[in-house]
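All chains, please: the whole structure from these sequences, using the hints.
Mapping to the working numbering: the sequence shown position 16 is 16, numbers consecutive.
Note that these hints are calculated values from the structure, not bench results.
The C-beta atom is built at its ideal place from N, Cα and C for all residues, glycine as well.
Treat the hints loosely; a few may be bogus.
Quick list of the computed label-pair ranges, beta carbon to beta carbon [unchecked claim]:
1. L313 x P193: 45 to 53 Å
2. K78 x R48: 40 to 48 Å
3. G231 x A169: 18 to 26 Å
4. N261 x E59: 29 to 37 Å
5. E60 x A101: 13 to 21 Å
6. L313 x P172: 44 to 52 Å
7. A219 x S293: 32 to 40 Å
8. H210 x E59: 40 to 48 Å
9. G231 x G162: 14 to 22 Å
10. E56 x R263: 23 to 31 Å
11. A226 x R48: 28 to 36 Å
12. L313 x G231: 29 to 37 Å
13. H210 x R263: 15 to 23 Å
14. P176 x M215: 25 to 33 Å
Simulated crosslink set (DSS-like; lysine-lysine; CA at most 27 Å straight-line) [stated by the list, open to error]:
15. K17 x K47
16. K78 x K180
17. K86 x K180
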Amino acid sequence: MFSYAESFLSRPEAAKKIQLIHAPFWLGGGRAGAELGPESIVEAGMKRQLMHMGLELAEEIVVDVPRLAAEPAASGTKMKYLAEVKEMAGLLGEQVHRAAAGGRFPLVLGGDHSIAIGTLAGLTGHRGNLGLIWFDAHGDLNTEDTTPSGNIHGMALAAAIGRGSFTLADIPGAGPFIRKENVVIIGARDLDPGEREYIRAEGIRCFTMHEIDRMGIHAVMEQAIAIAGDGTDGVHVSFDLDVLDPLEACGVGTPVPGGLNYREAHYAMELLAESGLATSLELVEVNPLLDPSRRTSRLAVELAASLLGKRIL
1 MFSYAESFLS RPEAAKKIQL IHAPFWLGGG RAGAELGPES IVEAGMKRQL
51 MHMGLELAEE IVVDVPRLAA EPAASGTKMK YLAEVKEMAG LLGEQVHRAA
101 AGGRFPLVLG GDHSIAIGTL AGLTGHRGNL GLIWFDAHGD LNTEDTTPSG
151 NIHGMALAAA IGRGSFTLAD IPGAGPFIRK ENVVIIGARD LDPGEREYIR
201 AEGIRCFTMH EIDRMGIHAV MEQAIAIAGD GTDGVHVSFD LDVLDPLEAC
251 GVGTPVPGGL NYREAHYAME LLAESGLATS LELVEVNPLL DPSRRTSRLA
301 VELAASLLGK RIL
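Structure below.
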């Protein structure tokens, strides 16, 4: 494996400050507690870990996202808290864009996975051809027509690629949609019928847990890095902690048995560090109310460190 200096700091594009951006938002997932995730991850040692690695931190940003809403869904839509999600995405996107345009590495702490709409709005406003690796037990490719719950965290990837009635185009400052050819889903094991049909029809590369079991995480990540990095000007890594097996990360809102184990997750991050392609990272769906021991928050810290180049030796 490459050393940290070889894989990250030696590259002019990545030799930058880390910008920690909090997005304490829960309305996209419909379950309170995810809004406490960013603070819990920081309290679990995120800043200490990054400084211990010799990384420089820019001033920490806490986005003033909506916290409460009177009605789950406005008249005429099945999408819950749509107005609040749009407001959150605009506010977060502005901060992410500023960080990326200022030469900093955006490290976004969620919040439920709907915050990815804001993250990607900001990133695409800076980078015109972004690759995307989406670690998640779910597909997050539902639309207003296919969603079984109405929760927008299950529509975030769809919004990023332009599928459905609510997309990145609805967020001020967003750039082009993410090209489906440069999107990779890793760790899926709970897909809704509409998502399965869409993935098959569009040829989106989705490495389910079955494929990870069959191929091994090394082969999966080699292919994922090649797909997301093919002709792109950066790769965003969106990491939902529910991609992990609940035995590893119990503090998530929608756990699904049979996910990535501890070493598979770290090895995936280590390979991304070696590739030198990751230009931003978000960690989402940590719910400390479901994990008083903060084990899930500590694991989020460790995984971020692995992606940013921390090595065993």
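### Query
So does P176 sit 25 to 33 Å from M215, Cβ to Cβ?
holds, 31 Å
Given a hinted range of 29 to 37 Å, is it respected by the beta-carbon distance of L313 and G231? Given a distance of about 34 Å, which is inside 29 to 37 Å, the answer is holds.
| query | Has the hinted range 18 to 26 Å been met by the Cβ atoms of G231 and A169? | reply | Cβ of G231 to Cβ of A169: about 22 Å, so the range 18 to 26 Å holds.
- Query: Per the hint of 44 to 52 Å, is the separation of the Cβ atoms of L313 and P172 within bounds?
  - Reply: Once the Cβ atoms are compared, 46 Å apart, the range 44 to 52 Å for P172 and L313 holds.
Exercise. Is the gap between the beta carbons of L313 and P193 within 45 to 53 Å?
Worked result: holds, 46 Å
Restraint check for K17 with K47, where alpha carbons must lie at most 27 Å apart
holds, 12 Å
Distance restraint hint 23 to 31 Å, applied to the beta-carbon atoms of E56 and R263: holds, 29 Å
Quick check: does the Cβ-Cβ distance between A219 and S293 fall within 32 to 40 Å? Taking Cβ atoms as reference, A219 and S293 lie about 34 Å apart, which means the hint holds.
| said: Quick check on a hinted range of 29 to 37 Å for N261 and E59, using CB atoms only. | reply: Taking Cβ atoms as reference, N261 and E59 lie about 36 Å apart, which means the hint holds.
Does the beta carbon distance between K78 and R48 stay inside 40 to 48 Å, or does it fall outside? holds, 43 Å
- Query: Should the hint that A226 and R48 are 28 to 36 Å apart at their CB atoms be regarded as holding?
  - Reply: Given about 34 Å between the Cβ atoms, the range holds.
Tell me if the straight-line CA distance from K86 to K180 falls inside 27 Å. holds, 23 Å
The structure shown violates none of the earlier numbered hints.
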